[in-house]
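S.K.: Residues per chain, in single letters:
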Amino acid sequence: MCEAIVIEDLTKYYGGFLALDNFSLKIEENEDVALLGPNGAGKTTAIKILCGLLRPSSGTAYIEGINVVEERELALSKVGAIVETPEFYPYLTAEENLGYLGGLRGMRGRGLKSRINEVIKLIRLEGWAKVKIEKFSRGMKQRLAVAQALLHDPPILILDEPALGLDPRGMMEVRKIFKEARKEKTVFYASHLLTEVAQVCAKVAIIDHGRLRVYDSVARLRRKYRSLERAYLKLTEAVI
Amino acid sequence: MSEFEKLKIIAKYEFLKHLRRKRLYAVMGIVIAVVLSILVGLPVFGVDYPDDVTAMAGMLSISATLASIGAVFFAGDAIAGEFERKTGYILFPTPVRRTTLVIGKYLACYVAVALIVLLGYGMVCVSLLGIYGQIPIEVGTSFVLCLLFAGSVLALTFFFSSISKGAMGATVMTLAFVMLISGTIDGVLMMADQPSWFLLSRAGDAIIMVYPGFKAMMTAGMGMGIPAGALEYDIGLCAAAMAAYLVACFFLSIFFTRRREML
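From first to last, the protein sequence lines stand for chains X and D.
Everything in the first sequence is counted per my numbering, starting at 190 for the first residue and increasing by one.
Everything in the second sequence is counted per my numbering, starting at 3 for the first residue and increasing by one.
Be aware that one or more of the hints could be misleading.
DSSO-like cross-link-like pairs, simulated, lysine-lysine; straight-line CA separation at most 30 Å [claimed, not checked]:
no., chain 1, residue 1, chain 2, residue 2
1, X, K302, X, K330
2, D, K217, X, K330
3, X, K330, D, K14
4, X, K310, X, K374
5, D, K24, X, K321
6, X, K302, D, K14
7, D, K14, D, K88
8, X, K215, D, K88
9, D, K24, X, K392
10, D, K167, D, K14
11, X, K413, X, K330
12, X, K321, X, K372
13, X, K372, X, K215
14, X, K310, X, K368
15, D, K88, D, K24
16, X, K321, D, K217
17, X, K267, D, K88
18, X, K302, D, K167
19, X, K319, D, K10
Because the hints were derived from the structure by calculation, they are not lab data.
Everything numeric in this text was worked out from a predicted model, so none of it was measured.
The task is simple: from the sequences and hints, build the whole structure.
M.R.: Below, the structure is given as structure tokens:
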């Protein structure tokens, strides 16, 4: 089994603030790993570096062996991502937004059109495909974010709080989609929702103050700390 | 998939943005209104059209110059908007070089502005044919200079868009640079009888100063101790200045966009 994501000694400063402190992690192919941590722990910073949105102060990251910092475009061709709360182009319809992003990923013609229909059906926005984004609610945009991450059927999914802004039904549906996806994809899932994480991922990396506190399976952490919640509280008890 | 194919996709969707927003039609409306106000306004106030066709061509071409300044309204959000409105979170994780993004966006904006300039000069030509039965050759020179000016204003806006936090900031900075800073320095240098061809506003004036009749009209109306040489324009130098702004600002916008982080 080869490594889908390798993070090596990532350090990131925002001015004088240390957001990531020598953060390292290895995720095998087809593994599903959650990145857990309190607000400001460095989860989103790590995800943004992996998606080429930020440059690390030091260290590096690889996606399927490709250096994200040096060969950003090639590395990102293998990734579907949701970062923070993405916005879409309001003057385009849902279908057109997906057409634009799919086109940039090399999809075209009938193949692109049928895949757009598939993912729109998957996120249950069939009736909204031809509606401009300016009429979409927060939750609908989040569903569309899920669709764009899955559009090109990437082998790796990097997701930052993908259930944010969704109603309970939406959360359940998105959870189901990613449970299905993890059968054949590598999923790296940042969240602070413990119940969500426990249902979607088999392994957990807990991060706090930019440092990795633990990286283990959910089952082992439950055995060691009696519950994932206790493990989280114990390992992130440092004062913010 | 080649970067050229990606560039075509970016330009296509960016152009779609301009077609679907009201500002393209608003600027077109302004161009039409300016031309009509000259054509209708002069007879209404009992003023005859100038005898010299190039004087009238200069007056009407002001509309197209205004149109090219309208470029700032298309390009202000081209780069800054991706960061400000968070659309960069879906666009930047795609496997596209930022250089390709900037070029694609620039091309789309340029086509939109060129359409307006074309509309302006189309109206100039139709008006001149209707009134004088001829189109002077200088209209062609003015048209080319106007396209160059639009390109340089666009590149300047892209530069400000690549370094400013928001689209509004980029728009205001460009307008301030072209109309206030450049315009004021131009005025001072003109009064002091010093060369100012390197200023974008001065270079832009060449668009209408290529018309001999218009230049003569302006010279006749000048006063306030402005030196006579102030209206002498070296068209080649002005064109070179505009090209320099275009190239320098365009490459700077690529440089800063490539380095910019999506915080």
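S.K.: For this structure, which hints from the list above don't hold up?
M.R.: Of the numbered hints, 2, 9, 11, 12, 16, 18 do not hold.
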